[in-house]
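Residue numbers (my numbering), protein chains in the order written: chain U, 1086 to 1334; chain W, 255 to 477; chain X, 255 to 477; chain R, 295 to 358; chain Z, 1158 to 1376; chain V, 1158 to 1376.
Misleading hints may appear alongside valid ones.
What the hints assert, rightly or not - Simulated crosslink set (SDA-like; lysine to any residue; CA at most 25 angstroms straight-line):
#1 U:K1109 / R:L321
#2 W:K257 / W:L267
#3 R:K345 / U:I1094
#4 U:K1333 / R:Y319
#5 U:K1109 / U:V1132
#6 Z:K1295 / V:D1220
#7 U:K1302 / R:K345
#8 U:K1101 / Z:V1176
#9 X:K327 / X:A470
#10 X:K327 / V:L1340
#11 U:K1176 / R:I334
#12 V:K1295 / X:L419
#13 R:K338 / U:I1094
#14 V:K1295 / V:L1255
#15 Z:K1295 / V:L1255
#16 Z:K1295 / X:L277
Calculated directly from the structure, the hints in this document are not laboratory data.
Bear in mind the structure is a predicted one, so any value in this text is a computation, not a measurement.
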Amino acid sequence: MFKRIWGWIQRFSSPKHFYDISGKMIPWFAVSALLLGVYGLYMGLFVAPTDYQQGESYRIIFIHVPAAWMSLFIYMVMAIASAIGLIWQIKLADMVAAASAPIGAWFTFLALVTGSLWGKPMWGAYWVWDARLTSELILLFLYFGYMALQSSIEDQRTADKASGLLAIVGVVNIPIIHYSVEWWNTLHQGATVAKFDKPSMHIDMLIPLLVMAFAAKLFYAAVVLVRARNEVLMRERNRQWVRELVEKI
Amino acid sequence: MLKAFYHLLARDLRLAFRLRHELANPLIFFVLVVSLFPLAVTPNAELLQEMAPGVIWVSALLSVLLSLDRLFKQDYEDGSLDQLMLSPNPLVILVLAKVAAHWLLTGLPLVLIAPLLGLFMYVPAEANGVLMLSLLLGTPVLSLVGAIGVSLTVAVNRGGVLLSLIILPLYIPILIFGANAVDVASDGLSVRGQILFLGAVLAMSISLAPLATAVALRITASR
Amino acid sequence: MLKAFYHLLARDLRLAFRLRHELANPLIFFVLVVSLFPLAVTPNAELLQEMAPGVIWVSALLSVLLSLDRLFKQDYEDGSLDQLMLSPNPLVILVLAKVAAHWLLTGLPLVLIAPLLGLFMYVPAEANGVLMLSLLLGTPVLSLVGAIGVSLTVAVNRGGVLLSLIILPLYIPILIFGANAVDVASDGLSVRGQILFLGAVLAMSISLAPLATAVALRITASR
Amino acid sequence: MNGSEFSWSEFFHMGGYAVFVWSSYGLALLMVVVNIVSPIIERKRVIARVKRAIKREASNGQVN
Amino acid sequence: MSNTNTSPSILETRQLECVRDDRLLFSGLSITLAAGEVLQIEGANGSGKTSLLRILCGLRRADAGEVLWQGEEVSGVREDYYANMIYIGHLPCIKGDLTTLENIRSLLDTRSQSVPLDEIDQALAKVGLAGFDDVPAKALSSGQRRRILLAFILLAKARLWIMDEPLTALDVQGVALVESMLLEHREAGGSAIFTTHHGMQLPCEMRSVTLGIQQAGKC
Amino acid sequence: MSNTNTSPSILETRQLECVRDDRLLFSGLSITLAAGEVLQIEGANGSGKTSLLRILCGLRRADAGEVLWQGEEVSGVREDYYANMIYIGHLPCIKGDLTTLENIRSLLDTRSQSVPLDEIDQALAKVGLAGFDDVPAKALSSGQRRRILLAFILLAKARLWIMDEPLTALDVQGVALVESMLLEHREAGGSAIFTTHHGMQLPCEMRSVTLGIQQAGKC
Ligand code: HEM
Ligand SMILES: Nc1ncnc2c1ncn2[C@@H]1O[C@H](COP(=O)(O)OP(=O)(O)OP(=O)(O)O)[C@@H](O)[C@H]1O
Ligand SMILES: Nc1ncnc2c1ncn2[C@@H]1O[C@H](COP(=O)(O)OP(=O)(O)OP(=O)(O)O)[C@@H](O)[C@H]1O
Ligand SMILES: [Mg+2]
Ligand SMILES: [Mg+2]
């Protein structure tokens, strides 16, 4: 039984098989991300009511919150994939991890900037040293570290393992960072920062938010597959099947 | 196994004592960086006192960070690291020995001199004790976690800044709790929570970090 | 001669761009170190604003310091430095080219990102301009003076901390005037004096430091 | 919008928060575009590289 | 031959493969080394000799195939393998700040061996470093530094020597010294694998494997 | 002989002395090298060959004596000397991150030489690196890296070659290549000084100076 599953995993995770399957999956993800995104934007920009406290500025939420969620989600994906790659020596997992990092960094960056842009009208400052903000900034650095390590080691196999180990160590640290920052903030912080007091959200706001979040996930799925396919081509460039495939393109 | 630990520790210490001036370097760097702040920010006593815990902790952190490549860099470059990996002893033990030597040579001196700097920066006497204690618990974690980073970057030329990029985010919790403990102690409050946290992190890093470092070293050696 | 300058500059830049990630490293280090302070000291806006000029300048200084071994270390270790010294072109020109490349790769990015960090640390908008200007005048001096130090220590293994020891004292005047300019500008006063001083020091170091560096390199090569 | 007549200028005005809201959305759009375009460019580069390698090996093979 | 487990081989490789960057360096490489055998790995620059030796030591992972120590997969018997094998690579493994004696001591320490001083002195004399025992290694010339490693090899008393270009930087006497060391080692039942570009003449039978020319070196 | 200023010597040393740490490596060393002459510096490990070559280049200062380039003290005619001399030391001078081509280009740049691409390609082909021109040097084996230097020597067209252990890491073909390079260079009227431990057979007359044995090598 176990053997069969293992065999199946290995077959599926063979780069060639992945390349074929993912080629078929990408259009589906891309199209549904597009449809959901357009629908979410429509709902968010035209249908959702104006917030009585924040006015129209709150509409940033439909970008900001999905981006922030994705930034955490993608890091988790990256760390889990790295662990799989490191423990079971599945190359495909390493490729997915490597492909995820830049996307995750982009989402983190987006969350930071949109949060900043939101912060200016809300708090009167682009940046405050709030716990959540600070940990998001640190998350960005964790991504940068992963990518820097990945790209500075020549040997691909070594690079994968080294940066994978870093991703795992980082994931152990994320909760520690999270709690320490939170705790630090509550100790230090008086009234300087208006905390996000979460408004009990209007259903018309919640729906576009969730739709956008889902669209972001699908978008990630599509992009990560495209990137992973690139990695497959690059790393398997000496295999016969890649050569045949490339000749045809 | 204990013998292997002891021998490697002794070698690293001997090597450091051979270059006697090297010994003092992280210490001097620490003192220099701390003393940049009164110059750059303000000589005002009150403000200095307020900044002191943070500044001292940041400087300690930076000087450990900068001395990290002592850990494996040379051994890597001259091939001794290969010999270590080919030792019949478990790699984890050897890693622990090297980290212990590193801490004795960099962390410990910082711990010992910190109260003096605290004095210079107007840290109250009772908080000065907490400063030492927090560094005593925190600096070994810096060495232990740093070892993972060094072993990952040792093969990368000019890895210095890359190392900081990788390591600094991981250091942040220690920094926050360490500096905060001193801060709170200056206000005369209890610091039990912070100290317990630092202790817990230390225990965790002693048990996990050498393993991760050993794995990282095997990855690095595979060139 | 100009061609030699240009070629060497181009080589160093090419080498840096080859390692694209390396490019960003001093910058990221700078940002990381600056952001350690709010974490270690306080997130309080007022206090941060007061510390900001000093903290930003100290961090800039440290990140230039740490990137200094980029200047000659590798060239020394792989023997390229010997080849440079055996070049028919005057060594001073070659030194200037290397320092120029170093500044373009580390100092300039710091100058460009500093206003953003100023924003994070609540530096007032008008003082932010002065921050940039002071760094623009100051960071080349850091590279120029740093080059002397590196060329003296490059032959010493593990020279990192030794280097700081030699260089930091020389950096202190720049630090004081640079940070002070921003400080004064935050209070809305004129900073003409400070800026003139920084300019004068820059002019002096451009004309003298490369000479000193060339001499130091000849000494170092004589192994 | 809530019932009141919809006007595009009001929509773009975003109740005075236009700069913040639209730059956020603009940035998000930019990020989406970059994330679509850059892997596609990368793919072209990889394929070109493999093709070059094939060519080089073919010519080397004749020499040997 | 490589499949008979009963052979008294001390080191054996099965279908080793090594790929670097894009190029296949070797594949299907099966070598059997018995006690008392000396094997030279030959091959042009870049043919993969260093890579092969690092794989044999377990420092690098092969892209396919396995390395067996006395019939068992190396990763399973690491401790035993490393206690009986010694590897000398391209790099000097020498600390410039330690003296010759201290260098040897700490190299032996990594193998958990402690050797009495007079034995070390003998070995130093044998490799031509008598009188240099308290000179810091950085004040030695490149050839003298390599000689420290020769003393280390003598003292380690390992059964299998794996040496990458042991003749680097050695003068004529140094080369003769290595040759006589290998002979003695072989006579005592030890085995060795080495690479060299500079003709080493051993007056004993010596097998050799050439990388690069035949794609699948067999012996 | 060493005192006749009219001799057509291109490099000449007078009463050179070198002391390292406490030991006198050589003293009173006077060498004259004419155009078209090849000189081998011999000596056991640690006899001071590297030190001597560095002194000849002006990288190290002699403890006594002087080095003359075409009859004039080197420190006075640096520019001319360095434009006509090339030194290859123990160290590779190679940047792992640059490609073979870029490495050669930047080595030539330090000499302010610009060489057309096809000439570089020819040189690369000659040293056996054809097709490696866009490979980063760190992905080359140790011997391949040394070959980049050989191409550099060919392209630099210097009149005097000073080479410290040029055969390091080279395989048999590599050694033959260096030999033929030296021959051609000599035929074209160039001179060379080199050290090597690994017998280089030049079918031309070749002088040699041995360090270490006679305290004051004269010739
Ligand atoms: C640079 C500034 C900001 C950053 C880095 C930031 C970061 C984050 C992060 C990381 C999350 C996800 C938290 C989680 O799921 O655990 C989040 C959620 C959220 N943020 Fe921000 N934020 C910023 C500014 C703001 C501002 C100014 C507001 C509005 C006043 C805001 C409102 C929200 C809301 C409503 C959520 C969803 C809450 C939840 O899921 O619990 N953020 N933000
Ligand atoms: N770090 C590396 N990354 C990628 N490829 C490498 C690396 N090191 C070596 N190679 C490649 O692997 C091949 C074999 O290298 P290796 O060092 O094993 O050769 P070698 O037989 O020891 O050569 P030499 O005689 O020159 O020492 C070389 O052709 C080189 O291109
Ligand atoms: N950095 C140094 N400091 C002090 N003494 C040194 C240093 N380098 C070399 N020596 C001494 O100088 C002597 C000559 O060294 P050198 O490197 O010139 O020898 P060599 O003839 O090139 O030897 P090899 O054949 O081993 O390369 C050696 O005996 C050594 O003890
Ligand atoms: Mg080799
Ligand atoms: Mg020598």
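Status of the hints after comparison with the structure:
1. In summary, the hint linking K1109 of chain U to L321 of chain R is not supported, as the alpha carbons are separated by about 30 angstroms, beyond the 25 angstroms threshold.
2. In summary, the hint linking K257 of chain W to L267 of chain W is supported, as the alpha carbons are separated by about 15 angstroms, within the 25 angstroms threshold.
3. Taking the CA atoms of K345 of chain R and I1094 of chain U, the gap is about 31 angstroms. The hint is violated against a cut of 25 angstroms.
4. Distance restraint check for K1333 of chain U and Y319 of chain R: the Cα-Cα separation of roughly 39 angstroms exceeds the 25 angstroms cut-off, and the hinted pair is therefore not satisfied.
5. Only pairs whose Cα atoms come within 25 angstroms are accepted, and K1109 of chain U paired with V1132 of chain U is rejected, the gap being roughly 34 angstroms.
6. Among the hinted pairs, K1295 of chain Z with D1220 of chain V is consistent with the structure: their alpha-carbon atoms are about 20 angstroms apart, no more than 25 angstroms.
7. A distance of roughly 34 angstroms separates the Cα atoms of K1302 of chain U and K345 of chain R; the hinted pair therefore is violated under the 25 angstroms criterion.
8. A C-alpha spacing of about 19 angstroms is found between K1101 of chain U and V1176 of chain Z, which places the hinted pair at or below 25 angstroms, so the restraint holds.
9. For the given pair, K327 of chain X sits about 14 angstroms from A470 of chain X by alpha-carbon distance, which is consistent with the 25 angstroms threshold.
10. Pair hint K327 of chain X plus L1340 of chain V does not hold up; C-alpha atoms about 36 angstroms apart against a cutoff of 25 angstroms.
11. The suggested pairing of K1176 of chain U with I334 of chain R holds, with an alpha-carbon distance near 22 angstroms, which does not exceed 25 angstroms.
12. In summary, the hint linking K1295 of chain V to L419 of chain X is not supported, as the alpha carbons are separated by about 33 angstroms, beyond the 25 angstroms threshold.
13. Distance check on the hinted pair: K338 of chain R and I1094 of chain U sit about 30 angstroms apart at the alpha-carbon level, beyond 25 angstroms; violated.
14. For the hint linking K1295 of chain V to L1255 of chain V, the alpha-carbon distance of about 8 angstroms falls within 25 angstroms, and the restraint holds.
15. Note on K1295 of chain Z and L1255 of chain V: the hinted pairing is violated, with a Cα-Cα distance of about 30 angstroms set against a maximum of 25 angstroms.
16. Restraint check for K1295 of chain Z and L277 of chain X: not satisfied, since their Cα atoms lie roughly 34 angstroms apart, outside the 25 angstroms limit.
Hint check: violations occur at hints 1, 3, 4, 5, 7, 10, 12, 13, 15, 16; the rest are consistent with the structure.
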